[in-house]
Amino acid sequence: MNIWNIIFGLMFIVLLYFSIHLIINRGKIEVRYMFIAVLYSLLIGLPVTFFSLYPERMNLAFYVVYYAVFLLPVYVNEFYNCIKGRQEWRRLILIFFGVNLIILSPFAKGGLKMLLIVLGLLFVSGFFVYLFRYPHLNPMWLQDTAQKAAENIEKNCKYSSKPVVLSIPSKKTSCTKGQGVTLFFKKKNVIVKISKDFHEKLGKPNMERYAEELVRRIKNKIKEEGEIT
Amino acid sequence: MIDLIRVLGSDHVFEIIDFLKKNPERNSSFIAGKLNIHTVTVQRVLDTLAKYGFVETKEKRGVGRPSTIFTYIGGEFTVNLDGLFSGYDLKEKRIRESGNTEVSFSYDIDKEIVNAILIGGKKGKKVKLDSRLGRFLWLVPPPDSCGETIASISQKAGVSLIDSIKFCLEMQDLDIVEVAE
Chain A
1 MNIWNIIFGL
11 MFIVLLYFSI
21 HLIINRGKIE
31 VRYMFIAVLY
41 SLLIGLPVTF
51 FSLYPERMNL
61 AFYVVYYAVF
71 LLPVYVNEFY
81 NCIKGRQEWR
91 RLILIFFGVN
101 LIILSPFAKG
111 GLKMLLIVLG
121 LLFVSGFFVY
131 LFRYPHLNPM
141 WLQDTAQKAA
151 ENIEKNCKYS
161 SKPVVLSIPS
171 KKTSCTKGQG
181 VTLFFKKKNV
191 IVKISKDFHE
201 KLGKPNMERY
211 AEELVRRIKN
221 KIKEEGEIT
Chain B
230 MIDLIRVLGS
240 DHVFEIIDFL
250 KKNPERNSSF
260 IAGKLNIHTV
270 TVQRVLDTLA
280 KYGFVETKEK
290 RGVGRPSTIF
300 TYIGGEFTVN
310 LDGLFSGYDL
320 KEKRIRESGN
330 TEVSFSYDID
340 KEIVNAILIG
350 GKKGKKVKLD
360 SRLGRFLWLV
370 PPPDSCGETI
380 ASISQKAGVS
390 LIDSIKFCLE
400 MQDLDIVEVA
410 E
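Heads up: the protein sequence lines correspond to chains A and B, in order.
Numbering follows the working numbering, with no gaps: position 177 of the first sequence is 177.
So the number in the working numbering is just where the residue sits in the second sequence, counting from 1, plus 229.
The following block holds chain B by itself, in its conformation from the complex (with noise of 0.2 Å):
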């Protein structure tokens, strides 16, 4: 939910919406370029308002690589204020690594950065992280420790705290991190 309140304070989220209603099927770089807004920004947005259905994706199959181009569909969003915060309360808790023995990590130990995580073995589930989130994994203490809490992980690792919750909920969720007692 955190993500798409983002995407719609974000400065180009109108322009490229009334852009994609008066001209449906676009690709998010055709869009950029008419725009002059950079690429990513634009895919970003396109992406998030897909997530949450107000955005219709399609696949577009030519010469080289498949494209996906979006149209417009609209629709409404209800913000329930209690779910969004309904994990704030961890900022304080002391975290840990819960120490489950399935979970391996595949690390960066010069650029200090947890890579991705595998779950059940190099044939299972594996999980990759961008920098930041990696970042935040490596500092996490290991297990059976104090612990530390996610408002000083997330300060050192550079990720705002809002992320590092969420972050820790999905973790949790995975029995990748526990919280200390």
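So that you can see chain A by itself, here it is in the shape it has in the complex (with noise of 0.2 Å):
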């Protein structure tokens, strides 16, 4: 294999990945979130694609150890979110899967490492049809709806730390931080906190007047999804 298989290797899943998040964010790209996605992405993706093409230059330790570094924080977020109810256990368990799934393919041979693979494309593919069903759990998708929903509302308001609540039924719980906005769908009502630079950078929005309005809009496009709120 020479560099240049590797270059186009790595572009073509450098935009195969922006390609998705393109079609998730319903075109809505921002730049600081992408790079951090493509660049957390490639560093999941570069060791289990070298020993997967290199099995003899395994080193199970290292495999192990990195693995650990870079996913068990996340897992741990996710677990500690479902326990507490704050989101689905679907979302842990199609990441979970997803992900070991791929980091266990270079451990088989043959006919079970490609099983392993497709099982856990599938489980990730699982992942990016749940986030584009309900895409306020997309931060780059939330950002933007969020810096939309403050153009009509009353400007130059006062801020507090404490979250806004708003009396809205949710089926499905959920939890989304966003860059300044965070969401919290619960069973009886949604909580939004909003951070002072945040409040500041949208003109200084009617707080719970601007919560109603970022509430109301991922509603209407979850119900135009056709999806359950």
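Honestly, I wouldn't trust all of these hints.
[Said to hold, decoys possible] Listed next, the in silico DSS-like pairs over lysine-lysine satisfying Cα-Cα at most 27 Å (straight line): (1) B/340 with A/196; (2) B/340 with A/172; (3) A/84 with B/385; (4) A/158 with B/322; (5) B/340 with A/219; (6) B/355 with A/158; (7) A/172 with B/385; (8) A/188 with B/320; (9) A/193 with A/28; (10) A/219 with A/28; (11) B/385 with A/219; (12) A/158 with B/320; (13) B/355 with A/193; (14) B/340 with A/187; (15) B/322 with B/385; (16) A/193 with B/351; (17) A/187 with A/171.
[To be verified] Quick list of the computed label-pair ranges, beta carbon to beta carbon: (18) A/85 with B/352: 30 to 40 Å; (19) B/315 with A/90: 53 to 63 Å; (20) A/89 with B/377: 27 to 37 Å; (21) A/85 with B/349: 32 to 42 Å; (22) B/339 with A/61: 31 to 41 Å; (23) B/302 with A/173: 54 to 64 Å.
[Said to hold, decoys possible] Just so you have them, the derived chain B footprint on chain A, three or more residues with Cβ under 8 Å: (24) 159-172; (25) 195-209.
No wet-lab data here; the hints were simulated from the structure.
In this text, all values refer to a predicted model and were calculated from it rather than measured experimentally.
Glycine included, every Cβ here is placed at the ideal spot set by N, Cα and C.
Both chains come to you apart, so use the hints to assemble them.
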């Protein structure tokens, strides 16, 4: 395998990932988030690709420690959110099996190896479909919607560090942290936390009206997709 | 004042006072043990009586943590009904946060309660709240909103109306809550 194969391979992966996010985010791409997402995906994807191509160079200790360092914080965070009832277990299951089946593939041979990769990709695809169905779970879409929601809201209002609680019930619980805005959809209500910097960046909108408008836009978008809110 | 009236109306207050009159300089756990009443109940009664000067407190040092001992003094108290009901007309008023820039909140997003109010930054004053009042404050609408009536919030939070009004008056004094126009 020469250097061009590697470069084209990497470019293909980046372009594929970029395209997937372009679809999931309905064309809204935030460079900062995209950079982090691509970088993290490459960090996860490169060792498994390398050891799949060169199984004789497999260093088990390095492999285990590397993935423990990069994946454990994500799993712990997702698990914590599930236990606290902030999000559905489906999300953790899709991520956990999707990633783990793929990173286990270098240890298998022949048909089993392919089976693990295909199954892993199915779970990862399921995760992307899940993100597409519920766009507010994606920080990039949420960030864009959060900025647009402030457009027609009364400005130069006061700020409070306490989150806004709206008595709007949701059938599915979720938790999304964007840059400056955090959303908790709970069974009985929706909690919207806005940071002070983000509030100023939006022109100091009326917090209650803003939170209502943001949630209204999200609920409408999910209804448009024909999903349960 | 309402705390004293409540304590005087409670079941065990006469038993506790009678015991303390006959046995001065005793701590709450000793009294609770002798009367077979929960220590927290005895402590609440004695703390309230001490607040209004009917009982004298002293700190007793010995092995382990120092304990507070109580001695009955007695006395009289005038009930000012005008003062007691002065804030009651607030119950139908809509309240909201005032948006004081000096104030921030420490809260638990899962339990949906405010744990403490920080006034003047991290090195400033910290007002800790119990879970009931923390829940009440959590439900107070944000600044510049239409607000919500105290009666409605107190019902949602499970706090008695008179306690909610008293709490709102305290929060108004601290410029944390305001009556919406």
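Results of checking the hints against the structure:
Restraint check for residue 340 of chain B and residue 196 of chain A: satisfied, since their Cα atoms lie roughly 23 Å apart, inside the 27 Å limit. Using a Cα cut-off of 27 Å, the hinted pair residue 340 of chain B and residue 172 of chain A holds, with the two alpha carbons roughly 18 Å apart. With a CA separation close to 22 Å, the supplied pair residue 84 of chain A and residue 385 of chain B stays within the 27 Å bound. Of the supplied pair hints, the one linking residue 158 of chain A and residue 322 of chain B holds, its CA atoms being roughly 20 Å apart against a limit of 27 Å.
The straight-line distance between the Cα atoms of residue 340 of chain B and residue 219 of chain A is roughly 24 Å, inside the 27 Å bound, and the hint therefore holds. Among the hinted pairs, residue 355 of chain B with residue 158 of chain A is consistent with the structure: their alpha-carbon atoms are about 22 Å apart, no more than 27 Å. With a CA separation close to 23 Å, the supplied pair residue 172 of chain A and residue 385 of chain B stays within the 27 Å bound. For the hint pairing residue 188 of chain A with residue 320 of chain B, the CA-to-CA distance comes to about 25 Å; that is within 27 Å, so the pair holds.
Among the hinted pairs, residue 193 of chain A with residue 28 of chain A is consistent with the structure: their alpha-carbon atoms are about 22 Å apart, no more than 27 Å. Between the alpha carbons of residue 219 of chain A and residue 28 of chain A the distance comes to roughly 18 Å, so the proposed pair stays at or under 27 Å and holds. Between residue 385 of chain B and residue 219 of chain A the alpha-carbon distance is near 25 Å, which keeps this suggested pair within the 27 Å criterion. Of the pairs offered as hints, the one joining residue 158 of chain A and residue 320 of chain B holds, with about 24 Å between alpha carbons and a cut-off of 27 Å not exceeded.
Between residue 355 of chain B and residue 193 of chain A the alpha-carbon distance is near 22 Å, which keeps this suggested pair within the 27 Å criterion. Of the pairs offered as hints, the one joining residue 340 of chain B and residue 187 of chain A holds, with about 13 Å between alpha carbons and a cut-off of 27 Å not exceeded. Restraint check for residue 322 of chain B and residue 385 of chain B: the C-alpha separation of about 16 Å stays at or below 27 Å, so the hint holds. For the proposed pair residue 193 of chain A and residue 351 of chain B, the alpha carbon gap of about 20 Å is at most 27 Å, so the pair holds.
Between the alpha carbons of residue 187 of chain A and residue 171 of chain A the distance comes to roughly 6 Å, so the proposed pair stays at or under 27 Å and holds. For residue 85 of chain A and residue 352 of chain B, the hinted distance range of 30 to 40 Å is satisfied, since their beta carbons lie about 35 Å from each other. At roughly 55 Å, the beta carbons of residue 315 of chain B and residue 90 of chain A sit within the given window of 53 to 63 Å. The hinted range of 27 to 37 Å is satisfied by residue 89 of chain A and residue 377 of chain B, whose Cβ atoms lie roughly 35 Å apart.
Take residue 85 of chain A and residue 349 of chain B: their Cβ atoms lie about 35 Å apart, and the range 32 to 42 Å holds. Taken as a hint, the range 31 to 41 Å holds for the pair residue 339 of chain B and residue 61 of chain A, whose Cβ atoms sit roughly 38 Å apart. The supplied range of 54 to 64 Å is met by residue 302 of chain B and residue 173 of chain A, whose beta-carbon atoms lie about 56 Å from each other. With a cut-off of 8 Å between beta carbons, the stretch 159-172 of chain A has 7 residues touching chain B; three or more are needed, and the interface restraint holds.
Counting residues of the stretch 195-209 of chain A whose C-beta sits closer than 8 Å to any C-beta of chain B gives 4, which meets the bar of three, so the coverage hint holds.
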